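Asker: Assemble chain B onto chain A, guided by the hints.
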Amino acid sequence: MTSLTTIQKHLIGVLMMLVFMAVVPVFVTQRYFLGEIIVFMIWASVAVQWNVLMGHAGVFSLGQMLIFAVGAYTAAMSMTYLGISPWAALPVSAVVAAAAAFVIGLACLRLGPAYVALLTFAISYMVYVLIITDTACYTTVAGGCQRFFGGTTGFSRLEDLGFREMLRGNWIIGNYFTVLVIFTISLVASIIVIHGRLGLAFRALSDSPVYAAARGLNRTRSQLIAFVVTAFFTGLTGAVFAAHFRSTGPSLFDFSTLLFILAMVIVGGLRSTWGPVFGAAMMMILVEVAKGMGDVRNTVIGVVLVLFVLFLPKGIAGLTSRLFNRFGSKPANAQDPASGAV
Amino acid sequence: MDALIQILVSGLTLGAMYALGAVGLALTFGTMRMFNMAHGVFMTIGAYAAFSTVTYFGAPLLVALLMGILAGGVIGALMHLLVVQFMLETEDFEINVLVATAGVGILLQDFLLKVYGGYPFSQPVQVEGIFRIGGVAVTYQSVVILVLATVLISALAWALTRTKFGMAIRATAMNREAAMLMGVRTSRTYLQVLIIAGMLAGAAGILISSLSTLSPEMGQNPAVRAFVICVVAGLGSVTGAGIAAIALGLFEAAIQYYFGVRYGLPLMLALVVVVLIWRPAGLFGTQEVVRS
Numbered sequence: 096m097t098s099l100t101t102i103q104k105h106l107i108g109v110l111m112m113l114v115f116m117a118v119v120p121v122f123v124t125q126r127y128f129l130g131e132i133i134v135f136m137i138w139a140s141v142a143v144q145w146n147v148l149m150g151h152a153g154v155f156s157l158g159q160m161l162i163f164a165v166g167a168y169t170a171a172m173s174m175t176y177l178g179i180s181p182w183a184a185l186p187v188s189a190v191v192a193a194a195a196a197f198v199i200g201l202a203c204l205r206l207g208p209a210y211v212a213l214l215t216f217a218i219s220y221m222v223y224v225l226i227i228t229d230t231a232c233y234t235t236v237a238g239g240c241q242r243f244f245g246g247t248t249g250f251s252r253l254e255d256l257g258f259r260e261m262l263r264g265n266w267i268i269g270n271y272f273t274v275l276v277i278f279t280i281s282l283v284a285s286i287i288v289i290h291g292r293l294g295l296a297f298r299a300l301s302d303s304p305v306y307a308a309a310r311g312l313n314r315t316r317s318q319l320i321a322f323v324v325t326a327f328f329t330g331l332t333g334a335v336f337a338a339h340f341r342s343t344g345p346s347l348f349d350f351s352t353l354l355f356i357l358a359m360v361i362v363g364g365l366r367s368t369w370g371p372v373f374g375a376a377m378m379m380i381l382v383e384v385a386k387g388m389g390d391v392r393n394t395v396i397g398v399v400l401v402l403f404v405l406f407l408p409k410g411i412a413g414l415t416s417r418l419f420n421r422f423g424s425k426p427a428n429a430q431d432p433a434s435g436a437v
Numbered sequence: 646m647d648a649l650i651q652i653l654v655s656g657l658t659l660g661a662m663y664a665l666g667a668v669g670l671a672l673t674f675g676t677m678r679m680f681n682m683a684h685g686v687f688m689t690i691g692a693y694a695a696f697s698t699v700t701y702f703g704a705p706l707l708v709a710l711l712m713g714i715l716a717g718g719v720i721g722a723l724m725h726l727l728v729v730q731f732m733l734e735t736e737d738f739e740i741n742v743l744v745a746t747a748g749v750g751i752l753l754q755d756f757l758l759k760v761y762g763g764y765p766f767s768q769p770v771q772v773e774g775i776f777r778i779g780g781v782a783v784t785y786q787s788v789v790i791l792v793l794a795t796v797l798i799s800a801l802a803w804a805l806t807r808t809k810f811g812m813a814i815r816a817t818a819m820n821r822e823a824a825m826l827m828g829v830r831t832s833r834t835y836l837q838v839l840i841i842a843g844m845l846a847g848a849a850g851i852l853i854s855s856l857s858t859l860s861p862e863m864g865q866n867p868a869v870r871a872f873v874i875c876v877v878a879g880l881g882s883v884t885g886a887g888i889a890a891i892a893l894g895l896f897e898a899a900i901q902y903y904f905g906v907r908y909g910l911p912l913m914l915a916l917v918v919v920v921l922i923w924r925p926a927g928l929f930g931t932q933e934v935v936r937s
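Protein sequences, first through last, are from chains A and B. So the first sequence is numbered by our numbering: it starts at 96 and just counts up by one. So the second sequence is numbered by our numbering: it starts at 646 and just counts up by one.
Careful: at least some of the hints might be erroneous.
What the simulated footprint calls covered on chain A by chain B, stretch by stretch (three residues with Cβ under 8 Å from a Cβ of chain B suffice, anywhere in the stretch; the number is not a length) [as the list claims (entries may be wrong)]:
(1) 159-168
(2) 205-216
(3) 219-227
(4) 403-415
Result set (SDA-like, lysine to any residue): computed pairs, CA atoms no more than 25 Å apart in a straight line [what the hints assert, rightly or not]:
(5) B/Lys-759 to A/Asn-313
(6) A/Lys-386 to A/Lys-104
(7) B/Lys-809 to B/Val-796
(8) A/Lys-104 to A/Leu-262
(9) B/Lys-759 to A/Val-398
(10) A/Lys-386 to B/Gly-762
(11) B/Lys-759 to A/Lys-104
Calculated from the model, a selection of chain B residues having no Cβ within reach of chain A, i.e. all distances over 10 Å [unchecked claim]:
(12) Ala-823
(13) Val-829
(14) Ile-922
(15) Pro-925
Derived from the structure by calculation, the hints contain no laboratory data. Source: prediction; values computed, not measured. We put the CB at the ideal spot given by N, CA and C, even for glycine.
Chain A extracted, bound-state conformation (with noise of 0.2 Å):
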């Protein structure tokens, strides 16, 4: 089986996707539900690009939400203070993410897994610290003072992307297909690095690094390219989630944010292609479930997380292929080395 049909056959799961979250909006019509649905598929979108970082590239980076906010930042900063149209901004952010990523790739990627980590979580917490503790007013903003980078009101009021005028009162439904539409080519993203040359190359890395850098391959390099490539996409998300906000500010900084995307990636399966999507899923449900049993989020969230460390470190993907096996059926990409599972 060549790798071609691999990427095909992920691509017609995508597809099948794409067509159930379309008809969705016909049977949901609440907002507060469709709002829900739209920030899972902005989650899911920075988890799975996590997921390729972490699982597959080996870049074991805690500074996802920095890039992310980098994307909601860049999107702001342009719109209030140059004006330009939301839609302008989301490939203007996307690329000022990757280039953010390449400095700080190239500051961190020669050093281990945990002085990645370290480093990459030292850095968003120097960010956020100075963002907050700007207190200069850069300008004046419907009479209130507005920071350069938002201090610790962040940005508000921003344009809308159109909808509002375009479909009155279902303007959501606007936002929900533009979101639908970037996590999608998140998506794609992913299963491309995953199962396209990078991926082969980070699989030789992970089984015989030794022979792999004998063979020409050069680590470092092969790290900073999906390290850019997922800041990219994770950074359009953050533009993505500015601009349905309408809003942005600090909290994305916050650490149990940081952890909630951690959870979706644990739960959904490190190494997996599909997990990070059903992890997303499974938090975010668990987190509405737990908000009728009041302010448990962070709780709910720290007791996931240990007890998939602990019980199934290869997460809801690992599980269904382990269920698969057992009972003697192949699951459906059983010959796909590259997913390992789902």
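Answerer: For chain B alone, coordinates are given in the frame of chain A:
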């Protein structure tokens, strides 16, 4: 001259607190290759335990200090017994344990938030008053911080070099298999290491909160600094972490004096990145260089 004394005093105070936090972290990584993301929350727990001992039981300061240190040790032991020991032999231990301890961290932080609320308290475990060196006012509290940090770190250095269990810890850090063959019970060594790291973190938490306030997320900032110190020293190098902590404390004090408090952490981090480009294994590290 006054500027120099001022920088020296606040730099050494900062450095001593950072050292307390960083040394425990470095010891854990050096011995078990485990990076404890909950380290910052251990500090917070130590601080709150000392606070509660004074506020609710009216105990003397020394008892409160001991209770805080003890609480750090207990939470370290619990984390080993309930979580870490089951993961030791798994593949991807380094990543998994980072994720799991991060989960423990957010769990404990949320717990503290539920129990004490988000309102910032002031730490009662501290010594009031100032005296002057030249024209510089020095608080007694910074003297307490310096003395306590020196005592605790010396005690750790003595234990690691002179006692049997300390030598077992160092042997495990050097070569786990060989240590096991020599009769070291490594799982017990790991437990001891986490208890020691927790106790040091608890002490660091009390001291840090005495300079600012108590809040459930107070541990995050010093923990990030401890991470950075461990990275720049070379992960796992305990002596290196101590030296780097003092050096970075002085550097940060100088930056804060000349540029403002806001730039302390960012410039410190910039320095660290420069150091790492020059020496990827850290200043005192020996391994961890990734070739190709």
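Asker: Does each hint hold? Answer for all of them.
Answerer: Evaluation of the provided hints:
no., hint, in the structure
1, 159-168, "violated (count 0)"
2, 205-216, "holds (count 10)"
3, 219-227, "holds (count 4)"
4, 403-415, "holds (count 3)"
5, B/Lys-759 to A/Asn-313, "violated (49 Å)"
6, A/Lys-386 to A/Lys-104, "violated (37 Å)"
7, B/Lys-809 to B/Val-796, "holds (20 Å)"
8, A/Lys-104 to A/Leu-262, "violated (36 Å)"
9, B/Lys-759 to A/Val-398, "holds (16 Å)"
10, A/Lys-386 to B/Gly-762, "holds (19 Å)"
11, B/Lys-759 to A/Lys-104, "violated (48 Å)"
12, Ala-823, "holds (22 Å)"
13, Val-829, "holds (24 Å)"
14, Ile-922, "violated (7 Å)"
15, Pro-925, "violated (5 Å)"
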